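Protein chains in written order, with this note's numbering: chain A, 100 to 211; chain B, 1326 to 1438.
Take the hints with a grain of salt, since some may be wrong.
[Stated by the list, open to error] Which residues of chain A face chain B? A partial, calculated answer using Cβ under 7 Å:
| hint | residue |
| --- | --- |
| 1 | Tyr131 |
| 2 | Pro143 |
| 3 | Ser197 |
| 4 | Phe201 |
[What the hints assert, rightly or not] With a straight-line Cα cutoff of 20 Å, these simulated SDA-like cross-link-like pairs (lysine to any residue) come out:
| hint | chain 1 | residue 1 | chain 2 | residue 2 |
| --- | --- | --- | --- | --- |
| 5 | A | Lys121 | A | Asp158 |
| 6 | A | Lys136 | B | Phe1428 |
| 7 | A | Lys167 | B | Thr1425 |
| 8 | A | Lys136 | A | Arg150 |
| 9 | A | Lys121 | A | Glu178 |
| 10 | A | Lys121 | A | Thr168 |
| 11 | A | Lys136 | A | Thr177 |
| 12 | A | Lys141 | B | Trp1332 |
| 13 | B | Lys1404 | B | Asn1388 |
| 14 | B | Lys1404 | B | Thr1436 |
| 15 | A | Lys136 | A | Ala118 |
| 16 | A | Lys156 | B | Trp1332 |
| 17 | A | Lys141 | B | Thr1328 |
| 18 | A | Lys141 | B | Lys1404 |
| 19 | A | Lys136 | B | Leu1371 |
| 20 | A | Lys203 | A | Ile146 |
| 21 | B | Lys1405 | B | Val1438 |
| 22 | A | Lys136 | A | Ile161 |
| 23 | A | Lys141 | B | Thr1436 |
| 24 | A | Lys141 | B | Ser1342 |
| 25 | B | Lys1404 | B | Val1438 |
| 26 | A | Lys203 | B | Thr1335 |
| 27 | A | Lys203 | B | Val1376 |
| 28 | A | Lys121 | A | Tyr131 |
| 29 | A | Lys203 | B | Thr1328 |
| 30 | A | Lys203 | B | Ser1411 |
| 31 | A | Lys203 | B | Asp1410 |
| 32 | A | Lys141 | B | Thr1335 |
| 33 | A | Lys136 | A | Pro194 |
| 34 | A | Lys156 | A | Lys167 |
| 35 | A | Lys136 | A | Ser184 |
| 36 | A | Lys167 | A | Arg150 |
| 37 | A | Lys170 | A | Lys141 |
| 38 | A | Lys141 | B | Gly1368 |
| 39 | A | Lys141 | B | Ala1334 |
| 40 | A | Lys203 | B | Gly1368 |
Calculated from the structure, these hints are not laboratory results. Since the structure is predicted, the reported quantities are computational estimates derived from the model, not experimental observations. The C-beta atom is built at its ideal place from N, Cα and C for all residues, glycine as well.
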Amino acid sequence: GENVEQHPSTLSVQEGDSAVIKCTYSDSASNYFPWYKQELGKRPQLIIDIRSNVGEKKDQRIAVTLNKTAKHFSLHITETQPEDSAVYFCAAANPGYSTLTFGKGTMLLVSP
Amino acid sequence: SQTIHQWPATLVQPVGSPLSLECTVEGTSNPNLYWYRQAAGRGLQLLFYSVGIGQISSEVPQNLSASRPQDRQFILSSKKLLLSDSGFYLCAWTPGQGNTEAFFGQGTRLTVV
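So here's chain A without its partners, still in its complex pose (with noise of 0.2 Å):
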């Protein structure tokens, strides 16, 4: 089955810097990437995905770039701010199976 290794576990930012969280997967049929944004005691929410057919994709101040070849994905957050700390997870999917698998979250501390 699929495994998603997801990099830092914890990222700290002063407001306005960038942000940058990393995901690894392991099946090459693989072909649907998303990103959730989940904030305290709440359910996580689509935030971006990224299909295999594309490079990159971007949506106001976050972007996410897939590299199918080493397989691996990222979430850019630019021009962080207190409203973005949240916890972050990758996730990939391929059409031979019925469940998205995630990574274990990144924890984002934006300080003011």
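For this one, chain A is given, so just place chain B on it according to the hints.
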């Protein structure tokens, strides 16, 4: 539009008591349904998933069970809770495939005392 309902939001149960958490999805048919658990506010551990009525796949052997009596209803149960069952339980659904966006319920904070 599709919505997912999960209840209760919080629950405090004594060790050895039974458990029943319910999740329903509206506005779609034949969804894939999932139960996840989060301990200590971090990783999402997949407990069960279902691709159809009566079809349950278990990812982690433990004293929990799941059932899908109707197309859009998913129930998580236990006959006797353990202290280690405490955590944040999340129901989720995807539109019939695993490689699409998952939508999560609000979660149930279970504390076993």
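Do the hints match the structure? See the list:
Restraint check, Tyr131 of chain A versus chain B: the minimum CB separation of about 4 Å is within 7 Å; hint holds. Checking Pro143 of chain A against chain B by beta carbon gives a least distance of about 5 Å; that is within 7 Å, so the hint holds. Look at Ser197 of chain A: its Cβ gets to within about 4 Å of chain B, closer than 7 Å, so that hint holds up. Checking Phe201 of chain A against chain B by beta carbon gives a least distance of about 5 Å; that is within 7 Å, so the hint holds.
For the suggested pair Lys121 of chain A and Asp158 of chain A, the alpha carbons sit about 18 Å apart, so the restraint of at most 20 Å is met. Between the alpha carbons of Lys136 of chain A and Phe1428 of chain B the distance comes to roughly 12 Å, so the proposed pair stays at or under 20 Å and holds. With a C-alpha separation of about 18 Å, the suggested pairing of Lys167 of chain A with Thr1425 of chain B holds against the 20 Å cut-off. The hinted pair formed by Lys136 of chain A and Arg150 of chain A meets the criterion: a straight-line CA distance of about 18 Å does not exceed 20 Å.
Distance check on the hinted pair: Lys121 of chain A and Glu178 of chain A sit about 18 Å apart at the alpha-carbon level, within 20 Å; holds. Taken as a hint, the Lys121 of chain A and Thr168 of chain A pair is honoured in the structure, with Cα atoms around 15 Å apart against an allowance of 20 Å. Distance restraint check for Lys136 of chain A and Thr177 of chain A: the Cα-Cα separation of roughly 15 Å lies within the 20 Å cut-off, and the hinted pair is therefore satisfied. At roughly 14 Å between alpha-carbon atoms, Lys141 of chain A and Trp1332 of chain B fall within 20 Å of each other, so this suggested pair holds.
Annotation: proposed proximity of Lys1404 of chain B to Asn1388 of chain B holds, straight-line Cα distance about 8 Å (limit 20 Å). At roughly 16 Å between alpha-carbon atoms, Lys1404 of chain B and Thr1436 of chain B fall within 20 Å of each other, so this suggested pair holds. Using a Cα cut-off of 20 Å, the hinted pair Lys136 of chain A and Ala118 of chain A holds, with the two alpha carbons roughly 14 Å apart. Simply put, Lys156 of chain A and Trp1332 of chain B have alpha-carbon atoms about 35 Å apart, too far for the 20 Å limit, and the pair is violated.
Simply put, Lys141 of chain A and Thr1328 of chain B have alpha-carbon atoms about 16 Å apart, close enough for the 20 Å limit, and the pair holds. Distance hint between Lys141 of chain A and Lys1404 of chain B is unfulfilled; the C-alpha atoms sit about 27 Å from each other, more than 20 Å. Proximity of Lys136 of chain A to Leu1371 of chain B is assessed by CA-CA distance (about 17 Å); at most 20 Å being required, the pair is judged to hold. For the given pair, Lys203 of chain A sits about 17 Å from Ile146 of chain A by alpha-carbon distance, which is consistent with the 20 Å threshold.
Pair hint Lys1405 of chain B plus Val1438 of chain B holds up; C-alpha atoms about 12 Å apart against a cutoff of 20 Å. Proximity of Lys136 of chain A to Ile161 of chain A is assessed by CA-CA distance (about 12 Å); at most 20 Å being required, the pair is judged to hold. Restraint check: the Cα-Cα separation between Lys141 of chain A and Thr1436 of chain B comes to about 16 Å, which is no more than 20 Å; the hinted pair holds. Between Lys141 of chain A and Ser1342 of chain B, the direct Cα distance comes to roughly 26 Å. Violation of the 20 Å bound is thereby established for this hinted pair.
Pair hint Lys1404 of chain B plus Val1438 of chain B holds up; C-alpha atoms about 15 Å apart against a cutoff of 20 Å. At roughly 24 Å between alpha-carbon atoms, Lys203 of chain A and Thr1335 of chain B are farther apart than 20 Å, so this suggested pair is violated. At roughly 24 Å between alpha-carbon atoms, Lys203 of chain A and Val1376 of chain B are farther apart than 20 Å, so this suggested pair is violated. Between Lys121 of chain A and Tyr131 of chain A the CA atoms are separated by roughly 15 Å; this keeps the pair inside 20 Å, and the hint holds.
Distance restraint check for Lys203 of chain A and Thr1328 of chain B: the Cα-Cα separation of roughly 26 Å exceeds the 20 Å cut-off, and the hinted pair is therefore not satisfied. With a CA separation close to 19 Å, the supplied pair Lys203 of chain A and Ser1411 of chain B stays within the 20 Å bound. Only pairs whose Cα atoms come within 20 Å are accepted, and Lys203 of chain A paired with Asp1410 of chain B is accepted, the gap being roughly 19 Å. Note on Lys141 of chain A and Thr1335 of chain B: the hinted pairing holds, with a Cα-Cα distance of about 12 Å set against a maximum of 20 Å.
Between Lys136 of chain A and Pro194 of chain A the CA atoms are separated by roughly 23 Å; this puts the pair beyond 20 Å, and the hint is violated. Between the alpha carbons of Lys156 of chain A and Lys167 of chain A the distance comes to roughly 14 Å, so the proposed pair stays at or under 20 Å and holds. Under the criterion of a C-alpha separation no larger than 20 Å, the hint pairing Lys136 of chain A with Ser184 of chain A is consistent with the structure, at around 9 Å. At roughly 10 Å between alpha-carbon atoms, Lys167 of chain A and Arg150 of chain A fall within 20 Å of each other, so this suggested pair holds.
Taken as a hint, the Lys170 of chain A and Lys141 of chain A pair is broken in the structure, with Cα atoms around 30 Å apart against an allowance of 20 Å. For the given pair, Lys141 of chain A sits about 14 Å from Gly1368 of chain B by alpha-carbon distance, which is consistent with the 20 Å threshold. As the CA atoms of Lys141 of chain A and Ala1334 of chain B are separated by approximately 11 Å, the hinted pair is consistent with the 20 Å bound. The straight-line distance between the Cα atoms of Lys203 of chain A and Gly1368 of chain B is roughly 5 Å, inside the 20 Å bound, and the hint therefore holds.
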